[in-house]
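Trainee: Here's the letter readout for the chains.
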Amino acid sequence: MRTHEQMQETRYMSADRGETGAAPNEAPTSVTALVELKGVAKSYRIGDQEIHAVRDVDLRIESGQFVAIIGHSGSGKSTLLSMIGGLTRPTRGNVFIDGENIWAHDDDYRSMLRNQKIGFVFQFASLIPTLTAVDNVLLPNLLGPRNGRRPREEDAIALLERVGLGEKIDAFPSELSGGQQRRVAIARALFNRPRLLLADEPTGDLDEETEAEVMELMLETCRELDTAFLMVTHNRAMAETADRVLMMKAGILS
Amino acid sequence: MRLFSLAVQNLKRKPFRTLSLALAVAIASGAVFSTAAVMWGVERSLDRGFSRFGADLLVVPQGTLVGMRTALLTGEPSTFYMDGAIAERVRALSGVAKASPQVFLTTAEGDHCIIGDAFLVGFDPQSDFTVLPWLRERMERDMRPDDVIVGGRSEYDIGQTVYFYGEYFTVYGRLERTGMGLYDNAVFMRIDKAYDLAEASKRFTDAPPLAFDESQISALLVQIRPTANVDAVQFAIAQHPGARIITAGNVVTSVRQNLVALFSGTVFLTAVFIAGNVLMLSAIFSTIVNERKRELGLLRAIGARRRTLFGLVLSEAALLTTAGGVLGVAVGALVLRVYERTIVFHLESMSIPFLWPAVLEIAVMAGIGIVLALLVGLTGAAWPARTASVMEPYDAIRAGE
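If you read the protein sequences in the order shown, they are chains C and G.
FYI, the numbering used here numbers position 143 of the first sequence as 143, with every residue one higher than the one before it.
FYI, the numbering used here numbers position 281 of the second sequence as 281, with every residue one higher than the one before it.
Watch out, some of these pointers could steer you wrong.
Stated by the list, open to error - Here are some of the chain C residues that sit facing chain G, going by a computed Cβ distance under 7 angstroms:
#1 Asp48
#2 Leu87
#3 Arg114
#4 Leu139
#5 Pro140
#6 Leu143
#7 Gly144
What the hints assert, rightly or not - To give an idea of the chain C side of the interface with chain G (calculated C-beta under 7 angstroms), a few residues:
#8 Thr88
#9 Thr91
#10 Asp107
#11 Asp108
#12 Ser111
#13 Asn115
#14 Phe120
#15 Gln123
#16 Ser126
Claimed, not checked - Okay, derived cross-link-like pairs now, DSSO-like style, lysine-lysine, Cα gap no bigger than 27 angstroms in a straight line:
#17 C/Lys249 / C/Lys38
#18 C/Lys168 / G/Lys12
#19 G/Lys193 / G/Lys98
#20 G/Lys14 / C/Lys168
I should point out that these hints are in silico values taken from the structure, not numbers from a laboratory.
The model shown is predicted, which means the values in this text are computed figures rather than measured ones.
Beta carbons are placed, not taken as given, at the ideal position from N, Cα and C, and that holds for glycine.
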């Protein structure tokens, strides 16, 4: 895995002002958190009406911390998660990861960041249907800078064994249950040993028993890897195990 | 696993759609390949035929232009005669290097000719510069008066005996194939023997006698000195009453006109078909990108760069259309081979000479057909690929919610 220092050596970490025009290291706090949000907001315009999905959010997440954000559907929690993950651009404010303002850099930087430092687990079945379980887990290797190097199949198989799917490495998604598919997605999210795992309603469509299993699996592996874990959910019970629980309502985080 | 195999897997998802698109591209590339092969064959035939023809000018009787052109291109017998004295007068012109007379005759249907309606050409070995230099194979001795030379497509073997108007001849040699009918199909003999045949033909009552005598020739082939003014020589020859001058350019132009008439429609339709393929691919790949929006967004979330998605979509299109191109070229080659005789027959009926392109040329045309198919894929998928690459990952992931 590339270290943070190695990432800083890349051209993406140059002092250029990026697409937002903001300076890359503009005003992070003196003690660098893994994730820091300063005045992050997102609004949409629908016709004449401006919808404020996320309003001026400030947030710090330290390495290895488990933070849960709870809120109703449409409260803006998924949008917030996607801005932290570099998937959608904030209308205002800055998102710092390891002290770097990710939206001040170009798209290639954020792609690299997502590949190397961030893992995603989505609410929906997020596997590529034409690939086997092991190939789905190997996708970060295919898409990342290691493309062309050794395939690291043994790492992918080890991860699948870790999530209890050692017997299903060659199964296609259509041959797996919902819970099994979610486990494969978790294995894929953790493949590059990310520093931050972002989960958006990760157990939304699973039964209670599977939900508990998947949750336990994510927590355990995050602890093992010292990976910070940010989960958004509408399920209060699931959030109870978090180090910090935050509430999101009408775009405001409290 | 590589991105290439991901593209292959994606194509396998909808086999019917993939196959249909590949077939559509195959038809277009097959049409391009076949048309190019036939046109190239005609061009090759013209180049080869005229480079070996060796004559800069052909002097024929007035009013026989069409007949001479047909004889040259298809080898169809054509007989016409003029005063042979023109040969000496033309030779005497200062710009003329060589002038060789030929006389054309046809064989009669009957027991006294081995075959009826064959095209015989009498040539003068002393002054000839268009027949003897192009012998591909011959007997191991000098040519004798009762020898004949056959064209490149003749079925007669070297050493075989043939007979015309009761006179027996030995097949002495065979010319190289040129695609020009006259040199591929006719039987060449010494001009004095041709005059003998005219006399001999009068002995038979079951066919009209050959209607020429020793004072007449059918055509005079003229080679001009390199330093001479071609226009001046042409002008001087044209002063002879009853003479008409044909240049290689005249014949090539007429062939090209026929070629254009035959293929312009095909070329236009092929161009329309290719453009249709590009548009169809563009529309279908737009649908494919739309169908897979969430997956593409997911790949971005995992770390795919914009150009990676652009490349992925283009790779799928390139794979599909290249496969179609290969299929089209293969089927095109098969069709050309199966219908070879029919194609040649139709071309010759339109006075268009034809010689199959060489293997290397066929390979080049096949390559062009396949590259064209690849370009169709890349062009058609360029816009959908760009759309896929510029989508905001979050919007793509939420597609369908």
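Trainee: Could you tell me which of the hints above the structure violates, numbers in ascending order?
Mentor: 1, 9, 15
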